[in-house]
Amino acid sequence: NINSGTFNVKGVKQVGDLYANELRKLGFTIEWVQLPDSLKRAGHLVAYRKGKKGKKLFLIGHLDTVFEPDMPANPFTKLTDSTITGQGINDMKGGDVIIIGAMKALADLKLLDDASITIYMTGDEENAGDPREVSRGDFIKRAKEHDIALAFEGASGLNSIATARRGASGWTLEVEARQGHSSGVFSGGGYGSIYEAVRIINTFREQLSKEQYLTFNPGLFIGGSEIDVDTEAQRGTASGKTNIISPKTVVIGDLRFLTEEQTINARKTMLAITQQNLPGSKATIRFRDGIPSMAPTKGNKALANELSKTSEALGFGKVIPGNPGSRGAGDISYVAAYVDCLDGMGASGRGAHAPGEVLNVKEFPNLMKRAAVFIYRLTR
1 NINSGTFNVK GVKQVGDLYA NELRKLGFTI EWVQLPDSLK RAGHLVAYRK GKKGKKLFLI
61 GHLDTVFEPD MPANPFTKLT DSTITGQGIN DMKGGDVIII GAMKALADLK LLDDASITIY
121 MTGDEENAGD PREVSRGDFI KRAKEHDIAL AFEGASGLNS IATARRGASG WTLEVEARQG
181 HSSGVFSGGG YGSIYEAVRI INTFREQLSK EQYLTFNPGL FIGGSEIDVD TEAQRGTASG
241 KTNIISPKTV VIGDLRFLTE EQTINARKTM LAITQQNLPG SKATIRFRDG IPSMAPTKGN
301 KALANELSKT SEALGFGKVI PGNPGSRGAG DISYVAAYVD CLDGMGASGR GAHAPGEVLN
361 VKEFPNLMKR AAVFIYRLTR
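Heads up: the sequence shown begins at 1 in the numbering used here, then just goes up one per residue.
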């Protein structure tokens with residue numbers, strides 16, 4: 001029930017304080033990584049214990065959600081005997097609680113003694129502060145000091161795990177056109193900015209939508225006689241009249257990919273489409289690097305095999321690598337080039353990023369048990 005939308009700095013810190021208090025009781029040293037005020041982000045929670053036994057583990061969570069204070073509330077509610085709902089309950093407060101629950105279980109049995117574990121919960125996973133070199137600099141530096149990274153984003157049930165994740169980048173399309181009376185549209189008045197923007201976006205779909213693991217989504221589309229767009233907050237206003245050919249349109253979207261080669265080729269195609277303008281219009285597109293991809297590796301696959309053995313020992317069945325196309329980008333991708341990784345260790349449910357997000361409470365305890373035993377084995 002604590003709103004912790006990425007831009008709600010107070011709420012993100014409040015959630016961080018709550019988690020910090022729990023982890024402090026378990027003998028973790030707590031730090032808060034403060035970011036420059038210019039980034040307009042809350043910062044990150046870090047909790048760690050240092051030892052000499054087993055693998056050095058880097059456990060990843062995040063404090064923020066996509067739900068800002070001005071969005072409709074979704075208070076914690078029990079829906080059925082197997083489901084509960086609430087803002088960010090699955091993405092990813094449920095995963096954060098699995099981390100803390102697993103640590104409590106291990107601490108109760110004194111199994112954290114001499115283990116090296118860092119828990120890093122970012123405060124801006126859903127919309128990382130720019131420049132990323134600043135907002136993720138400390139995150140990457142600390143991860144490099146470890147052997148294995150485990151991220152607790154949403155699980156796809158008990159029998160699937162992520163050994164790869166797509167990367168995410170952004171793009172901004174800006175279209176300008178001659179303003180005029182609507183009676184001249186298609187002829188001497190040209191096509192206007194909205195028609196040209198629609199043509200470009202639809203051609204993206206026609207030429208690129210069939211490529212495996214590649215997706216691109218226009219999330220904000222603003223056009224008219226006068227527009228005001230805040231690309232950072234991803235919102236804006238527009239005014240216009242039906243008898244005026246619109247002179248300005250801006251579209252903001254994302255681009256998700258599995259390999260760097262895939263995103264390079266997609267950008268080339270999108271640029272070529274943008275440059276073939278309808279009469280009376282001119283368009284430009286700018287691309288923004290975002291989160292790199294977490295490519296499938298032998299090390300990740302070997303970790304998945306170890307997790308599967310743990311799951312079978314608990315009586316939960318085999319675990320197999322999931323489809324990377326079913327996942328977006330995540331913080332683990334920033335460190336995937338440096339350590340072996342798994343993601344999808346968190347809570348299961350449905351409806352992430354949407355009103356009515358749901359967590360499966362019947363699978364939740366078993367996912368927590370699996371995490372605790374897996375972490376125990378790795379730290380031996």
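Hints are not guaranteed to be accurate.
Stated by the list, open to error - Straight-line alpha carbon distances no greater than 25 Å define the calculated DMTMM-like cross-link-like pairs of lysine to aspartate or glutamate that follow:
(1) Lys13 <-> Glu68
(2) Lys369 <-> Glu68
(3) Lys55 <-> Glu145
(4) Lys10 <-> Glu22
What the hints assert, rightly or not - What follows is a set of in silico ranges between Cβ atoms, one per label pair, in the way DEER data are often shown:
(5) Glu226 <-> Leu39: 27 to 33 Å
(6) Gly315 <-> Thr29: 33 to 39 Å
(7) Thr237 <-> Leu79: 34 to 40 Å
(8) Gly315 <-> Asn21: 47 to 53 Å
(9) Ser187 <-> Thr237: 40 to 46 Å
(10) Gln34 <-> Asp228: 49 to 55 Å
(11) Ile140 <-> Lys268: 24 to 30 Å
Worth flagging that the hints you see were computed from the coordinates, not collected in a lab.
The beta carbon of each residue, even a glycine, is placed where N, CA and C say it ideally should be.
Cross-check of the supplied hints:
1. A hinted pair counts as satisfied when its Cα atoms are at most 25 Å apart, and Lys13 with Glu68 qualifies at roughly 14 Å.
2. The hinted pair formed by Lys369 and Glu68 fails the criterion: a straight-line CA distance of about 32 Å is larger than 25 Å.
3. Distance hint between Lys55 and Glu145 is fulfilled; the C-alpha atoms sit about 11 Å from each other, no more than 25 Å.
4. Under the criterion of a C-alpha separation no larger than 25 Å, the hint pairing Lys10 with Glu22 is consistent with the structure, at around 19 Å.
5. The given range of 27 to 33 Å is respected by Glu226 and Leu39, whose C-beta atoms sit roughly 30 Å from each other.
6. Between Gly315 and Thr29, the C-beta spacing of about 35 Å keeps the proposed range 33 to 39 Å intact.
7. Separated by about 36 Å at the C-beta atoms, Thr237 and Leu79 satisfy the suggested range of 34 to 40 Å.
8. Between Gly315 and Asn21, the C-beta spacing of about 34 Å breaks the proposed range 47 to 53 Å.
9. A C-beta distance of roughly 30 Å is found between Ser187 and Thr237, which places it outside the suggested range of 40 to 46 Å.
10. One distance hint, 49 to 55 Å for the beta-carbon pair Gln34 and Asp228, is violated here, with the actual separation near 31 Å.
11. Between Ile140 and Lys268 the CB atoms are about 28 Å apart, so this pair conforms to the stated range of 24 to 30 Å.
When held up to the earlier numbered hints, the structure conflicts with 2, 8, 9, 10 and fits the remainder.
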